[in-house]
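Engineer: Given next are the chains, with one letter for each unit.
Protein chains: 2
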Amino acid sequence: MAAGRRAGDPDTRGEIIAAARREFAEKGFDRTSLRGVARAAGVDAALVHHYFDGKNGLFLACIQVDFRVDQALARALRVPRDQVGSALIGFVVSVWDDPDRRSPLLALLRSVTTNAEVAAMMREGVVGTLLSQVLDAVQVPAGRRPETASLLMPQVVGLIMSRYVLRVEPLASMSAEEVADLMGPVAQFCLTRHDA
Amino acid sequence: MAAGRRAGDPDTRGEIIAAARREFAEKGFDRTSLRGVARAAGVDAALVHHYFDGKNGLFLACIQVDFRVDQALARALRVPRDQVGSALIGFVVSVWDDPDRRSPLLALLRSVTTNAEVAAMMREGVVGTLLSQVLDAVQVPAGRRPETASLLMPQVVGLIMSRYVLRVEPLASMSAEEVADLMGPVAQFCLTRHDA
Numbered sequence: 001m002a003a004g005r006r007a008g009d010p011d012t013r014g015e016i017i018a019a020a021r022r023e024f025a026e027k028g029f030d031r032t033s034l035r036g037v038a039r040a041a042g043v044d045a046a047l048v049h050h051y052f053d054g055k056n057g058l059f060l061a062c063i064q065v066d067f068r069v070d071q072a073l074a075r076a077l078r079v080p081r082d083q084v085g086s087a088l089i090g091f092v093v094s095v096w097d098d099p100d101r102r103s104p105l106l107a108l109l110r111s112v113t114t115n116a117e118v119a120a121m122m123r124e125g126v127v128g129t130l131l132s133q134v135l136d137a138v139q140v141p142a143g144r145r146p147e148t149a150s151l152l153m154p155q156v157v158g159l160i161m162s163r164y165v166l167r168v169e170p171l172a173s174m175s176a177e178e179v180a181d182l183m184g185p186v187a188q189f190c191l192t193r194h195d196a
Numbered sequence: 001m002a003a004g005r006r007a008g009d010p011d012t013r014g015e016i017i018a019a020a021r022r023e024f025a026e027k028g029f030d031r032t033s034l035r036g037v038a039r040a041a042g043v044d045a046a047l048v049h050h051y052f053d054g055k056n057g058l059f060l061a062c063i064q065v066d067f068r069v070d071q072a073l074a075r076a077l078r079v080p081r082d083q084v085g086s087a088l089i090g091f092v093v094s095v096w097d098d099p100d101r102r103s104p105l106l107a108l109l110r111s112v113t114t115n116a117e118v119a120a121m122m123r124e125g126v127v128g129t130l131l132s133q134v135l136d137a138v139q140v141p142a143g144r145r146p147e148t149a150s151l152l153m154p155q156v157v158g159l160i161m162s163r164y165v166l167r168v169e170p171l172a173s174m175s176a177e178e179v180a181d182l183m184g185p186v187a188q189f190c191l192t193r194h195d196a
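Order-wise, the sequence lines are chains W and U.
This note's numbering puts the first residue of the first sequence at 1, with every later residue one more than the last.
This note's numbering puts the first residue of the second sequence at 1, with every later residue one more than the last.
Keep in mind the hints are simulated off the structure, nothing from the lab.
A quick note: this is a predicted structure, and the numbers were derived from the prediction, not measured.
Hints are supplied without guarantee of correctness; some may be wrong.
Stated by the list, open to error - Computed footprint of chain W on chain U; a stretch qualifies when at least three of its residues, placed anywhere within it, have a C-beta under 8 Å from a C-beta of chain W: (1) 97-111; (2) 147-160; (3) 163-172; (4) 175-186.
The beta carbon of each residue, even a glycine, is placed where N, CA and C say it ideally should be.
Just chain W, same shape as in the assembly:
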């Protein structure tokens, strides 16, 4: 174990995460290795394995830090049914506006365009887990769920690309609240367009 660090050292986990963030941001998701992160953090690779369940687990730790995405989204969605669209948009912006979280997420987004495996991971993670919570929050009927998810996914991915990558104005300079006011009704329209 390099640099005298031990598994019990309270800061070791945080230092591995800080190193992983730098590695993900510099190299992108697919070219970052657990071994490289361990080297950058000055610890043994076995210690990275001890704390995190593989590269996906390490990546999730980089964006989650002080919260769990699924639990935070569940809290954000505790609003009246007609405000779920705005709550979703506000949640996406709150996560991506935080530079510590944005940097590894941008690395993942870069890898999505070149790596089918990362694309599948993001698709399953976002559609399978997170959007599923949103569909539950407005009680989308089972038969409408795949189609509604297909409508909602472009809203989320398009917002991220337009605000943080393409930096389209005025979207890029708006406050989180302004973005939720602008795009919330569109997300709500997607969620409830088949209401009787």
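Mind docking chain U on chain W? Use the hints.
Structural biologist: The following block gives chain U in isolation, referenced to the frame of chain W:
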């Protein structure tokens, strides 16, 4: 001039474009050079300059080939005002469903996430030129244009990312018409939400 090709050779321009498509697809937009394309096509770099106005011009030629994007979009938008949203979505899908066009466009999209200059080029090109035509087609009032473009951009970029990169189902397997039926009303909602 390598390989005996001349500026007057009718196929030379087409062969440069074919080589450029392969280069853009393999290397991405920012790592493709006019010199490399010339080498791959077996022509002198000066000839590439002769036919195309720099890398941007060559790139546009790769996706335009038998049509000009702005003119094709103008034709697609000749529909009643309440069908402009579907016409826009149908147009985006018709361009991206063509594998010859998609391959260089995907290369550009990959570069967008890593290169601020390419992001600016796409932002100006798409927002400044193409979305502008869409806003004209529904007569969005001047004061609403920036905000409406900020709403519309995520629709287009999100559709492309979700269907062609993340391959979210059922969106990825739908026909062009089904996508226009699904997302057209959302685009229309973005375009006309401030109608009195």
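Engineer: Evaluate each hint against the coordinates.
Structural biologist: Here is what the structure says about each hint:
no. : hint    : in the structure
1   : 97-111  : holds (count 3)
2   : 147-160 : holds (count 11)
3   : 163-172 : holds (count 7)
4   : 175-186 : holds (count 4)
Checked against the numbered hints given earlier, the structure satisfies every one of them.
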